Structure formats: C-alpha cells, structure tokens
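Protein chains in written order, with my numbering: chain A, 369 to 872; chain B, 369 to 872.
Worth double-checking, as some hints may not be accurate.
Stated by the list, open to error - To give an idea of the chain B side of the interface with chain A (calculated C-beta under 10 Å), a few residues:
hint, residue
1, His465
2, Ala470
3, Ala503
4, Trp726
As the list claims (entries may be wrong) - Cβ-Cβ distance ranges computed for the label pairs, FRET-style:
hint, chain 1, residue 1, chain 2, residue 2, range
5, B, Asp475, A, Pro377, 20 to 30 Å
6, A, Lys485, B, Glu469, 15 to 25 Å
7, A, Asn633, B, Asp475, 32 to 42 Å
As the list claims (entries may be wrong) - Computed footprint of chain B on chain A; a stretch qualifies when at least three of its residues, placed anywhere within it, have a C-beta under 8 Å from a C-beta of chain B:
hint, segment
8, 387-396
9, 619-627
10, 724-736
Since the hints were derived computationally from the structure, they do not count as laboratory data. Computed from a predicted model, the values in this text were never measured in an experiment. Cβ coordinates follow ideal geometry from the N, Cα and C atoms, glycine included.
There are 2 protein chains.
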Amino acid sequence: MSAQTAITPTRDKDFPEWYQQVVRAADLAENSEVRGCMVIKPWGYGLWENIQRQLDVKFKATGHVNAYFPLLIPLSYLEKEAEHAEGFATECAVVTHHRLEAVKQPDGSTKMVPTGKLEEPFVIRPTSETIIGAAFARWVQSYRDLPLLINQWANVMRWEMRPRLFLRTAEFLWQEGHTAHETAEEAIAETQQMHRVYEEFLRDHLAIPVIPGAKTANERFPGALDTLTVEAMVQDRKAIQAGTSHYLGQNFAKAANIQFLGRDNTRQLAHTTSWGVSTRLIGTLIMAHGDDDGVVLPPRVAPQHIVILPVTPKEETRQEVLDACEALASTLRAQSFHGEALRVLVDKRDIAGGSKNWEWIKKGVPLRVEMGPRDIANGSVAVCRRDQGPKAKEFVPKEDFIGSVVERLQDIQDGLLARATAMRDANMKALDTLEEFQAFFAEGAPGGFALMHWAGSGDDEERLAKEMKVTIRCIPISEAFAEEGKCFLTGKPSAKRVVFARSY
Amino acid sequence: MSAQTAITPTRDKDFPEWYQQVVRAADLAENSEVRGCMVIKPWGYGLWENIQRQLDVKFKATGHVNAYFPLLIPLSYLEKEAEHAEGFATECAVVTHHRLEAVKQPDGSTKMVPTGKLEEPFVIRPTSETIIGAAFARWVQSYRDLPLLINQWANVMRWEMRPRLFLRTAEFLWQEGHTAHETAEEAIAETQQMHRVYEEFLRDHLAIPVIPGAKTANERFPGALDTLTVEAMVQDRKAIQAGTSHYLGQNFAKAANIQFLGRDNTRQLAHTTSWGVSTRLIGTLIMAHGDDDGVVLPPRVAPQHIVILPVTPKEETRQEVLDACEALASTLRAQSFHGEALRVLVDKRDIAGGSKNWEWIKKGVPLRVEMGPRDIANGSVAVCRRDQGPKAKEFVPKEDFIGSVVERLQDIQDGLLARATAMRDANMKALDTLEEFQAFFAEGAPGGFALMHWAGSGDDEERLAKEMKVTIRCIPISEAFAEEGKCFLTGKPSAKRVVFARSY
C-alpha cells in the first residue's frame, strides 16, 4: 500500500470520520436538508437493489409473499400493546393535519399553512406490527388460513437525534417479515429459519461473518418474547446488529385480536413473528470491508462487477480501443456469477485516466480492466483487483481473463470473508475476570468481542452499559460457546459464554 | 357464457360497484382502517412487482438509474414554485411533531400524546420535484454533469376525499422519473421518449391501447410547460389517465436553483422533466380487461402464468397425480415468456375442486390446467383459457401443450389487446356539432371518446367540465387526428381533433 491514501483520515486515525468520508468519496449517499433523512445516491441505491433482489429470492424460496400496508398508523393502534407503545413512543413523526393552504403574502410570495386538523393523529410507521396485525385479524378465520407468511419492502421513520448515514437515519428502507402461525412451535421455527437466512445472506452475499444468537431480555424488541440477532464486528472492533428476528408469542395477536377457530373447534390466538434488515446493511458492509482508499464491495452485491477503462493515448486509435472494450464487455456479460449476468460498465467518459481509475477505486468496484492500443496488439488486458490495493496490476491474455473472470470474482468474495473472519477472530477473546474485562474495554485498548460467563441481572447489564458503554450483543446459539463457568460479575454458575461489545 | 356470473352486480348493471367487487373477489387489495389508505394484498402486489420489474428494465435501457430521496418535504420547498405550491396545496399529510409520549391512564391503559413540536412542519411527499430539485442543485456544477437521469420507486400521499382502491388512494406506490438537461431540446426529447415508453408498456405488457397526446394548459401538472399523457378507455367507456410525462422548462430549476456552467462559460439554469406511473395502472388493468367472472390478467404481468389444478378423486392415486403435476410444472418453468421464466403454481390445497377453480377464475390467471388419473392415463391435460369464459375446456396431449404453451400465452396477450382496441374504436366517434356532442354525453347514452375540433378557451373548457363532467383528455400526437375543421363550440378554425371524455 502506498503511504498516500485516497481517504483522509485513515481508519486507524479516526474511524467515524473515515466512515463519513468514505460514504462521500464513494458517492453512496448524502445528508439532505431534512434533518436525519438521507439521499441514497445511485451507486448506494444500486447496492440496495442487489441486496433487495437477492434477499427477496430467499424469502420467496422459504414460502413468503410480498404485500404492502399503509404508511400511517393510528395512535390508537400503538396504544394496544403497552410494551411496544413505550418502546416506540419517543421517536415518531406525527401527522396532525391533512391540508395545506397556500396564502399569498403582501410581498407576492406564497406561504403554506397547515389546516384540516385530524381528529385522530397518525404516526409514520416506525415498524408495522400493529397495522399488519389489524390486517391479519381480518384475514384469519380458521387454522386453515395459517400460516400467513408475508413480507413488506418499505420505508420507515424513527426520529433520530444523532443520525449517521445508513447506520442510523430518521427514514430508512427495510424489509419487515410478518407471519402468523397456529402453534408456538411453528412460530419459533419460523423465527429461527429467518435468523439462519440472515446469517447465510451476510456470510455468502456480503462476506460478513456474524455471531448468531439471542438478545437478553433488556435488549429485546419491545413486546417480543425472544429476539434473535446476527452480530457483525466491523474494523474498529465494535459490533453492529445487522438483522433481527422476533418471536412475538401471542402478545401482538392479543393486541390486534388475531383469532382463529382451531382444529379442536375452540377460538385461539395466533402466534406471530417479525423479522427485518435495513439499509443499515450498507453501513455494515462499508465498515466491514472498506480500506483507506474507499469502499471495497463484495462482488455478489456490487452494482458493477467490472469496470472497463479504455486507454486512449491517441485520437487515431481511440475508436478501435472503444470498440474493443465494448466487445469485451459483451463477451463478459454473457457469463454469470451466482445466477446473475455479469454487470460490466465501459467508462467512456472523456476525463483523465488517473482520476477515472481513482473514482472506481473509491467506489470499490471488484475488478478494473484497462485496455489500450498496446494491449490490443498483445491480445492482453491489465486487470486490477480492488482487494489488492491501488497499485496491483496483472497483465493477462484476454482469453484467459474471460475464461477465469468468474473464478476471480469468487476469489475476491471468498477473500473478503476470510479477511473479515480473521479480523473478527483476532479480536474476540474469552475472558474470565472483571479486571480482564475492564482492561479489554479500557480507554485506548483495542476492544473487540469479549466472551464472558454471565449470570447477572438486567440491572447489572444496565449498569455495565451505563458505566462502560458495553452491552451483551447476544447469547450465541452455537454450542461452541457452551462450557461450565462462573459469571465474571456475580460469581454465579453459568453454562455458556455471551458476547460483550461496544456497538453502533 | 353462463347466465350465472361470479361477480354481482355485472359490469353493465353497475360498473363502479362491479369494480369494487372484482377487486375483493380477486383478493387484490382492501381498504384499511386508515382512511383512504389501502392494503395491497399478495396477489395485487405480485402484479405490481411484475409491472415494476418490467418498467425498470425499460428505464435502465434508456439510461436511467434509481436513487432514493426523503419522504418528508419542508414546507419552504413547496413555497418556492408558486403554481406548484397552489396545485398541491389542498391535499397533503402534514407532520408537525416528532415525538410521542406514552402516558399511563388511571385505568392502566396507555395513551399516546404528540409532543416535540417541529419548528418547520413537513409534508409527506405528494410528488418529489422540489426535494429532488434541491439534490440536483447540489449535484450539478458544469454542463459535464448533465444530463442527470434519475428514477425513484416510492410511496406518495395525497389526501383524498373520495378514495377508490388503486384508482385514487391517499397513499399509493409509483415511480417518478426526474431528469435535468443542458438544453430545452434535450428535455423535450426526454419527455417524449418516456411518453413513448409508457405507451409501449401499456400496449405490449398490459394489453391496453392508449391515445398518446398532450394535455391542455388547464389540465397540466402544476408548474409544467407541457404535460404528455397516455389515455386509456375502460369498459364503461370512461377515460383513465394512465401515465404522464412533464416538460418542466426552467421553472423548477429556477425554484431549486439548478445552475450549471455552460459550454460558453456562462451560468445557466437546467431544463428539467418528470414522469410517472403508479398503482393506478392496476385499476386501469382491471377496468380494461375484467369480466363478469372477475379479473382477466394479461399474461406478461400475471403473478402466475399458469395454475395447475390436481384432480384427485381417489386417495390411492392422489400422490401419483400430485407428482405428475409437479413434474409438469418443472417442465413448464424451464420455458420462458418474454425473457421471464414461466410462473407456474401447483395448487395442492385440500379444498373442493369447484371452489378452487372459481378462485383462479376470479383471480384472472391466464391458463388453468387440470390433471387427474384419467388424463395421466391418456397422456393429456385439460386446458382452460381465462379469456374464453369459465366453461371453455380443451383436452390436449400433454406434449403438445408443453410445446405450445408460450404461443398460447402470447395468443391470450394479443387477444386482450385486440378486444380492448376493438372496444375502444367502437366507442370513439368523430362528431362535429354541439348537439351531437351533447347527445353523445347525455345521461343514459353510452358515451365514449368524442373526437372534436376545438379552438375554445380555458374558460370554455372549464364550463364544459362543470356542466357536462366532460374534459379534454388530450390533444393527440398522431397525425391521424389532423384535419382542417371548425371548433364545435366557438366555430373558430381548428387543425386537429382533440379527445373529449368523462374520466376517472
């Protein structure tokens, strides 16, 4: 790596500021004048489109169908489930009027004045359990109508005081699965199934290894009986909760009155679940793989797999080079990577080659291919892999490149996962005492995931969160974490280690 | 056709009520408890997903990329373009608070109270010219940054006093294209290009013939210099405006300050366009093709092309039949129709064959295939085409069916377009006098599209709209409407006939 980097500050100097700069340099998103609401720019939205399409395939393969429910939720709906109400009480956009009047001002300008006060205000959905529950109550009569397996792709709003692009914004895009089942067992199985879908998606598509586990009672979704989470470690060794699946028991069914006539001819309440991931995945991706030159995109979700950069030193060979680049692009597009046609862009813009090259480095496109008159004469191309630094360049016979391109992309994909896994594992430590724990999370210490025996109370958890800004990210599902031990705080017996970390 | 129909009332008895019943019978959507906001059910959303995916391909093929902009618009943005402000003033959802407090009541229940009053209220976007204009102003510096060719898939809200599922709802889903150009010519060409894209999409995908034309000044989008529209005729002979493309001139660029340094080194305002279609297309589709037994879906956008109905009279042959149906489905799915793999569902639900069959008739699936033990023995299948009435059934050798299924789907697709075109043409009349015009639109008369010479004023237009509920749907682009004549109202010379109709 060269000493000069495209992004200032570098990751080790100031990670949060590096993140903001990378989002900007890669042209992924920007703040808008609407506080906390971001504009997702085409390169960032292209990422989201790929995430969305690929997840949607997995949702449909597990029997779900998409539907769409109202953006606005009557306040009375939120009041039905008390815990949920309190959990979402503090951060909602409230609609109170349904009309604007354009009032002409003396200076000739127009002023818009809200009128038409609503009898009952609405909130813009922060999540849709309550409004979808009301629909489910209409749709379910008998056990024959179950399970209901629904997903919604939508925007949601949670007013945020400290917004951060992708990771925490007032408005964000997400999917929310909502299902209703005849039995608790089926609902639990559904929650676990979608938890696995998220784990696999993060691993195989985003190249991010996660620790799948359950949240403690303190950290559950408001109103849920159980919340499963996939927790990722990013490069400043903090955790990001990347996706959650909630087993809601009969709480929401009771609030919304989702009743059905059972096999035994008695009226019963349905057992429901909900699960979601959001544009936060993009923030996770950037923090997991980005380097001091910009974003590094896993090929499976990159808006372009390959960018071809024509090298046109002389006007008289320019057209020949452009034609050769287009021909190469066509040949490549006929191949596919994980069932999707290769996405190949020929960047013909008339700007300096150096800035053009750096632009695509910062944007994180997996493969850059340069082709000029000399390459054409030699029958070769210059191939640059984003994961190998800005100076790496390999001259490859064109036919070899065409024959090996899918393998190269898979190699990049696998390499990113291996690198992220190694980073995570190097920063995940089993500790046994309070002293070790305090040293691990001390100011200036690298931190990471501390694997601790735990048998403390909710209050203990809250105190640690307050004093040390450290929380239990999850109680891992994996038996690899099971072993007899003693809680590092209370000394009580514990059968499994949990994951403590600082988090976004 | 049998005298008994699945939908009551029939189209000729009460078309608006028939429409409501069809939407319900086909399980496409329903009203929610949020006034004017609909729930789009899975079968309806499946239609929208296909419309969305297929349109998106056309947008990308014409050089556009997707992005996402904030849901909320500051009131001050709306105030910048006065005409636009007044046009959208009356029907907006206004956000005035950003916080809810959960207040415990004496009876133990929780009440949600809006707090956190905003200094400047927001409206939920009724359309996004203003907020996207603000982003464009940030993005454009030089003529080299142009054209900007952006599309957004999003929800929008316009408070509606008389909502009707799909056709007019408070919240609806749509796409809105927004582009900025260096010259007026380029912006006009873009407006025309997207107008053609809509015309072709309606014709080739939805099997709906439209009359492409321009709106009169009275009917233009607030703030636009020109609005192009595609107007469809539905079965009660009324018009539906199915999609519009607006040439905005420099009005919005001026309001949002979208300036660039031109080739001549002077600062100039960009020339912008916007264009959109919405879930209204689904309402148009239902009204264009539905019959007295339910919806009739054009194969290209149907959520399922084919439903296979296993006929299982005896338990001992049941598994064999189900296996044969699944095998047929797999064989069919390997084929594709217009580049998309055939969508085939085997309906294995354990309910009576008659109700199952009627369910799919009402839902409008293009082909139903029945297969039972006798068919398996004969090597045949029973094929029912939705466009040929509920009793039509053809026994076809299975291999012949497999070999001809794509052709059959195309035949249905073409047949729907031919039928809709014939209906439209039979109800489109060139008239010359006010008396003919009045008789054409008299109460009890069939009505339709009246092709009239017109040279009246905006006031004349408004009077006709008020007195006769008839408006100029468009001034057709096609030269087929050009001919010298005299305005039927004013007697002034006119060079082209315009289309008058009642509309949704």
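Quiz item: Looking back at the numbered hints, which does the structure fail to meet, lowest number first?
Solution: 4, 5, 8, 9 and 10
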